[in-house]
Amino acid sequence: MIRLAFRNLFQNKIRLVISVGGVALALLLILSLDAIFTGVERQVTAYIEHSGADVWVSQADVRNMHMASSSLPDSITRKVKYVPGVASVIPIHYLTNNVVAGDERNLAYIIGLPENAEFGGPWVISSGQNLPGDKGVILNRNIAEKSGIALGDEVEILGDEFKVTGFSEGTASLVNSVAFISMDDFEEMRGSYDTVSFLLVKVSDGESPEVVAARIETQVRDVTAQTRTDFATQERQVIKDMSTDLITIMNLIGFLIGLAVMALTVYTSTLSRRREYGMLKALGARNTDLYLTVLAQAILSVVLGFLFGLVITLLLTVVIPVFGSNLLLEVSSTSLLKVGSVSLVIAALSAMLPIRQIAGLDPVMVFRGR
Amino acid sequence: MTIIPQVQGETLQIAHITKRYGSGATEVTAVHDVSLTVSPGEVVLIMGPSGSGKTTLLSMLGALLKPTEGAIQLNGTTISALAENRLPDIRLKQFGFIFQDFNLLSALTALGNVAIVAELAGSKPGVARRKAASILTELGLGERLNFLPEKLSGGEKQRVAIARALVNDPALILADEPTANLDSKIGHEIMRLLRNIAKKQGRSVVIVSHDQRIKDIADRVLWLEDGEFKETVTMAVEREF
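So the sequence lines, in the order shown, correspond to chains Z and A.
Numbered as in our numbering, the first sequence ends at 370 without a single skipped number.
Numbered as in our numbering, the second sequence ends at 1241 without a single skipped number.
Read the hints as simulated data drawn from the structure, not as lab findings.
Using N, Cα and C, we set each Cβ at its ideal position, and we do this for glycine too.
Watch out, some of these pointers could steer you wrong.
With the C-beta cut set under 7 Å, the calculated list includes, among others, these residues of chain Z facing chain A [to be verified]:
| no. | residue |
| --- | --- |
| 1 | K13 |
| 2 | E276 |
| 3 | L283 |
| 4 | L353 |
| 5 | Q357 |
| 6 | L361 |
| 7 | P363 |
Calculated Cβ distances over 12 Å to all of chain A for the following chain Z residues [unchecked claim]:
| no. | residue |
| --- | --- |
| 8 | L4 |
| 9 | N8 |
| 10 | L9 |
| 11 | R105 |
| 12 | G128 |
| 13 | G278 |
| 14 | A285 |
| 15 | R286 |
| 16 | L295 |
| 17 | I299 |
| 18 | I320 |
| 19 | P321 |
| 20 | L327 |
| 21 | D362 |
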C-alpha cells in the first residue's frame, strides 16, 4: 500500500508541487525564523563568549547585560582579586546607546575598557588598533561600512566626539553591535569615577570557574558571580523571553498554512480517487489498509516539504552573510526536532478528513458505475 | 436463520434470499426468495432488465451486502451469517471481481494492479509480483506488465482485471457487465477467455450482463425480473472455445 501511496503522490505532478511547495514554504517560515533567533542568540552573547573571562561579577541579582544595568563600587575589584583561585580581574563599564555618524544612528553596547586590558576587548580586529586609546572608538566593520564610516572618522557617543581607531569583526548582531572606548573616556562622559559595571575574572590554572564563582559570592558582599557559560545562558534567556510570543505566533501561522495546504491537497486527492478506494474496499482491502495509504501519502508530502524547506533554509544561512548582512541564521537540532514534529502533526491532521471520507465509502458503489 | 442442506461439491449455494430496503410504506423488495447453486467450473449468466435486482443480487453474492432473509454459502461457509469484520478477508481470498469499467488503479502499472491484491491477501511483495507477472503473461500481457492503464486498450484492461480477479486463487469469480465497455469482438474474446479459465481451473463464474451476445459462453442463463428468477436456460451442448 506504501507503493500505491507513493505512486498516487507522484502521478499528479501539479498537485505534488502545490502540496510539497506549500508545506515547504510554511515550514520554511518556521525553520528560518528559528534559525534567525538562534543566530541572534549567538550574536547577542558573542561578547560574553569571547570576553576571555571565566567568571562574570555583577551587582547583586544582575544576571545579564541586555536591558540591564549593573553598578559595583570600584573597591570591589580589589576584594575580588584577593579571592583564592582568581588569577586576574578586568573591570569594565557598560551601557547601551547609539553610535551616531551624520544621519546614521546604530544601537551599540558601549564597553569602557581599562588601558592595556589583557582581555575584555575586541577579539578580531580587521583594521586599526586593538585597543581604543584616548578619545578613540573601535566599531564593528560591517556597521561602519554600512554607515560610510572610515578609520579616522569622527562619531558621536552620548554627545561626545570619538575618533574611529579600529574595526572589529563578529561584534554585530541583527539588533546592535559592540563599540569599545577607553574606561577614562567612559567615566568622564558619565561623570562616574568610583563605580564599574562588571568585573571580568580569569581563574588560576586548574581552578574550576564554578568553584571560584561560588567563592566570590561567599567572600564578597552584594555581588553576583556567574561562570561565563551561565552568564551567556542568562543573556540568551532574556532574548528568548522577549521573542517567545513572536515566535509562537509565527510558528502558529506556519503550522496553519502548512495544515491548510496539506489538508486541501490530501482531501482533493482522496476525493478524486474515491472510486478507486471504493473498488479496493470491494476487493477486500480493510479500512486500515486504506487509511495507511492516505496517511503515508500525507507523510511523504510533508517529509518532502520539510526537506525542501530545510534545503532552502540552509541555503539562506550561506547566502545571507555573503550579502554583508548582520543577520546570522543558524539551524539548531532543537529547531529540526520541533519542525519535524510539527510536520508529522500536519500530516496526521490533514489525513483525518480523507480518512473519515474513506470510512464512509460503500464498496457497492463500484457496481454499475455508481 | 435459513439452514442450507449441504450439497457436496457445490461452490456457491444461495437459499431463499430476499433483500428489502426501507421499512413501512417506503419498503422496497429488490430481491425476493431467490435460490441458486453454482458448481465448480460452471459459468452462470444472470440477465434481466434494469431495476430487476441484478446489482443487489450480485452485491449479496459478493459479500458486500447482507440479505434480509435467506442464506449464502460459499464452499461450506455461510458467509451471510459472518460478522462484518470477517467479510473483507473472505472477499479477498474467496472471490474474484471483474467490473464493468475495469476499475484499475490509475497510478499503478498492470503488474502493480494485480500484485497489490495479492499483497492485500498477505503475500510478500516479491512473491505477489512474480505471481502477478505469471498470470498476466498467461493472459497474453507479458509485454504490457509495466504499462499504466491509460496506455492499455479496453480489452487489455479487462484482461488485467481478470488477472487481478485470479491472483488470489478464488473459488468464485463475479463479473458485472464485463463486456459493457468493449466492442463486440473483444467482448466475446474476453468472455471466451473467462470461460476457458473457469473450465481449466475449476473456478465458478457468475456474470451479470445485459449483453445477449455472450449467452453462448454460459452453461446456464438465468432471467431475473422484479427480483425473482423467471426463467432458466441450460445450455445443453458442451462447446469448445
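Structure-based check of each hint:
1. With 7 Å as the threshold, the beta carbon of K13/Z stays out of range of chain A, its nearest partner Cβ sitting at about 12 Å, so the hint is violated.
2. Here the hint on E276/Z is kept, as its CB sits about 5 Å from the closest CB of chain A, short of 7 Å.
3. Taking 7 Å as the C-beta contact cut-off toward chain A, the hint placing L283/Z at the interface holds, the least distance being around 6 Å.
4. A cut of 7 Å between beta carbons decides the hint on L353/Z: the least distance to chain A is about 21 Å, and the hint is violated.
5. Because the smallest distance between the Cβ of Q357/Z and any Cβ of chain A comes to about 17 Å, over 7 Å, the interface hint for this residue is violated.
6. Hint status for L361/Z relative to chain A: violated, with the closest Cβ pair at about 12 Å, above 7 Å.
7. Because the smallest distance between the Cβ of P363/Z and any Cβ of chain A comes to about 5 Å, under 7 Å, the interface hint for this residue holds.
8. With a cut of 12 Å on Cβ distances, L4/Z falls inside the contact zone with chain A, its closest approach being about 6 Å.
9. Listed as outside the interface, N8/Z is inconsistent with that label: its C-beta sits roughly 5 Å from the nearest C-beta of chain A, within the 12 Å cut-off.
10. Consistency note on L9/Z: stated as away from chain A, yet its beta-carbon is not over 12 Å from all of that chain's, at 8 Å minimum.
11. Taking the minimum C-beta to C-beta distance to chain A, about 61 Å, the non-interface status of R105/Z holds against the 12 Å cut.
12. At roughly 66 Å, the least C-beta separation between G128/Z and chain A is larger than 12 Å, which holds for a residue marked as non-interface.
13. Separation of G278/Z from chain A is inadequate, the least Cβ-Cβ distance of about 9 Å not exceeding the 12 Å criterion.
14. Not every C-beta of chain A lies more than 12 Å from that of A285/Z, the closest at about 5 Å, which undercuts listing it as non-interface.
15. Look at R286/Z: its CB is around 5 Å from the nearest CB on chain A, not clear of 12 Å, so calling it non-interface is violated.
16. Once the 12 Å rule is applied to beta carbons, L295/Z is consistent with being away from chain A; the minimum gap is 17 Å.
17. Every CB of chain A is more than 12 Å from the CB of I299/Z (nearest about 17 Å), matching its label as outside the interface.
18. Annotated as non-interface, I320/Z keeps its C-beta farther than 12 Å from every C-beta of chain A; the closest such distance is 40 Å.
19. Its beta-carbon lying about 44 Å from the closest one in chain A, P321/Z satisfies the requirement of being farther than 12 Å from that chain.
20. Here L327/Z stays apart from chain A, with its beta-carbon at least about 43 Å from theirs, past the 12 Å limit.
21. The claim that D362/Z lies off the interface is violated: its Cβ sits roughly 8 Å from the closest Cβ of chain A, which falls inside the 12 Å cut-off.
In this structure, the earlier hints numbered 1, 4, 5, 6, 8, 9, 10, 13, 14, 15, 21 are contradicted, and the remaining ones agree with it.
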